[in-house]
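Chains as they are written, first to last, in my numbering: chain A, 640 to 954; chain B, 640 to 954.
If you are wondering where the hints come from, they were derived from the structure by calculation, not from laboratory data.
Hints may contain errors.
Note that identical chains are pooled: a pair holds if it fits in a single copy or bridges any two copies.
[To be verified] 20 Å max Cα-Cα, derived EDC-like pairs, lysine to aspartate or glutamate:
(1) K757 <-> D953
(2) K714 <-> D893
(3) K947 <-> E881
(4) K834 <-> D789
(5) K714 <-> E861
(6) K791 <-> E835
(7) K680 <-> E698
(8) K888 <-> D721
(9) K878 <-> E825
(10) K878 <-> E827
(11) K791 <-> D842
(12) K696 <-> D842
(13) K735 <-> E698
(14) K878 <-> E853
(15) K719 <-> D842
(16) K941 <-> D679
(17) K838 <-> D684
(18) K878 <-> E824
Spelled out from the first residue to the last, the chains are:
Protein chains: 2
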Amino acid sequence: MVRIGIDAMGGDFAPKNIVLGAIQAYARIQPKTRLVLFGDKSLIDAECREAGFDAAKFEIVHTSQVIGMGDHPAKAFQQKSDSSITVGFHALANCKIDGFASAGNTGAMLAGAMYTVKSIPGIIRPAICSEYPLLTGKTAFLLDVGLNVDCKPDVLYQYGLLGSIYVKHMMGIDNPRVALLNIGEEEEKGNLQTKEAFKMMQDTTDFNFAGNIEANHIFSGEIADVIVADGFVGNVVLKQAEAMYVLAKEQGIDSEYFNRFNYEIYGGTPVLGVNAPIIIGHGISSPTAIENMILQTEHAIKVRLVDKITEALDK
Amino acid sequence: MVRIGIDAMGGDFAPKNIVLGAIQAYARIQPKTRLVLFGDKSLIDAECREAGFDAAKFEIVHTSQVIGMGDHPAKAFQQKSDSSITVGFHALANCKIDGFASAGNTGAMLAGAMYTVKSIPGIIRPAICSEYPLLTGKTAFLLDVGLNVDCKPDVLYQYGLLGSIYVKHMMGIDNPRVALLNIGEEEEKGNLQTKEAFKMMQDTTDFNFAGNIEANHIFSGEIADVIVADGFVGNVVLKQAEAMYVLAKEQGIDSEYFNRFNYEIYGGTPVLGVNAPIIIGHGISSPTAIENMILQTEHAIKVRLVDKITEALDK
């Protein structure tokens, strides 16, 4: 039995979009998977009723508080002890659920992860990892996209390992190519941080290092499956990539490729390096984004992603 | 009399594209402007002849050496003393030309600037500044795009001033809005560098600070005319922006907006904070890009850009 925890109160359109997304996911999850919704039971029941869905197919854990998007993450996580996020994380830490997904307050999700399940031993800093479309029709992965905005080179090195394991097990790509986002392809290019990280990665056997990659080459898929950057740079690249979708749309361009920059296709952003599968969704997640986030969480549980990372660090 | 120096040997398609660009520019420069080409006289003459253009309309300074794209910038600048770049910079330092433009080895151009005309007093670090298209039909400016990849906050602050002066005088925008590229709009967002830079910029009267800007908002023009970033981040954003043009083209999309991401429209990248107008073009510059680079150099001379920066720092 796999149990996926879902924060029914997280996101700009909660609980409606979350419940609708969970209903959509229900039709696609494995027979032995249970969806556990954390939130206001009467509101969840009402959304199920409105959608003509039997709420008894979910497990609902009633919570009376909500951590808002504007709340101070760490404070709210500790003070709002009956919030959907806080109760969800305690369930996760107590193994009552096997993974936890939320489109709510990102900072509170990260605080919850660090306070309860904590980092995997050996992890310097966890990372969040985003998927983006390649011209080949496949996708590639970028990390970190905002968790650690001041990274030392050894953190970047470890991101290479984390990204490699994630893509290997979640996407089934053997020996994925990992590149370091930089401002030139040559070894000597970069700032102090990337130059040092390049040296550390150069001869590694921990992952398949493909060298430096420039931002104009990350979309072809010719060089890499995983792109490593610090959280500041990764976040900038991700937001600019999201802009490409919006700009194309505003120009009335209906391009199959640019449409694939719509984040809704990709579910959420996994927190890598913590002791449980934790996925954070976009605040404005649609039901489809929530559905994908839930399926992604199920997949991470199924492939035992956390064990794979733990084993790699234990070597 | 204004004299614009042009490196006829710089760029992947030199001297052909440079000479053709200079011929195009010749038709558009002011009557009192002279174009001074540095390079192999026989090759320049041959290109003029082939184009049916009277080479005597140019002033040609014969040079026997070329700094290649693969040459070590600083070494080549000093050792190849009869190269077009080295001779050009000495002419600039001796006031025989009023500005210098090249699509050649960027590092050698920067080395030349620092060895000969040098930084304006008070400048911590010069910057290079790129133009990119806004949805409004206008353009905005991003700096630094690659000169200083490890920036202290006070350098970012000064980039705000440099960008503001450049856009005011080159684009005729009074009191241009300057924003700090960051990963959130709120004051407390960012890495150590941007958080500190925000504090320095917050109450400045040196330029019109518009706050933080995220990478997905830089294209609307709603927030800022000038975007400040360190050279690493700025270079990444610029290359990703260039990719947007290429990706659209590869998708067979003929969008007026995405077409405006073609660098050829914008001439070159000015080096701001040095004691002369210096413009560096893309290595693969077309004749039109060269033409625009020359007109941009003329404009910088005409508006006395260097004096404006010097005066602002002298306050």
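These are the hints, each one checked on the structure:
{"no.": "1", "hint": "K757 <-> D953", "verdict": "within (16 Å within a copy, 53 Å between copies)"}
{"no.": "2", "hint": "K714 <-> D893", "verdict": "neither (44 Å within a copy, 50 Å between copies)"}
{"no.": "3", "hint": "K947 <-> E881", "verdict": "neither (30 Å within a copy, 38 Å between copies)"}
{"no.": "4", "hint": "K834 <-> D789", "verdict": "both (15 Å within a copy, 11 Å between copies)"}
{"no.": "5", "hint": "K714 <-> E861", "verdict": "neither (44 Å within a copy, 34 Å between copies)"}
{"no.": "6", "hint": "K791 <-> E835", "verdict": "both (9 Å within a copy, 19 Å between copies)"}
{"no.": "7", "hint": "K680 <-> E698", "verdict": "within (10 Å within a copy, 83 Å between copies)"}
{"no.": "8", "hint": "K888 <-> D721", "verdict": "neither (41 Å within a copy, 52 Å between copies)"}
{"no.": "9", "hint": "K878 <-> E825", "verdict": "between (26 Å within a copy, 16 Å between copies)"}
{"no.": "10", "hint": "K878 <-> E827", "verdict": "between (28 Å within a copy, 18 Å between copies)"}
{"no.": "11", "hint": "K791 <-> D842", "verdict": "within (19 Å within a copy, 31 Å between copies)"}
{"no.": "12", "hint": "K696 <-> D842", "verdict": "neither (51 Å within a copy, 56 Å between copies)"}
{"no.": "13", "hint": "K735 <-> E698", "verdict": "within (12 Å within a copy, 82 Å between copies)"}
{"no.": "14", "hint": "K878 <-> E853", "verdict": "both (17 Å within a copy, 7 Å between copies)"}
{"no.": "15", "hint": "K719 <-> D842", "verdict": "neither (47 Å within a copy, 36 Å between copies)"}
{"no.": "16", "hint": "K941 <-> D679", "verdict": "neither (28 Å within a copy, 67 Å between copies)"}
{"no.": "17", "hint": "K838 <-> D684", "verdict": "neither (55 Å within a copy, 48 Å between copies)"}
{"no.": "18", "hint": "K878 <-> E824", "verdict": "between (23 Å within a copy, 13 Å between copies)"}
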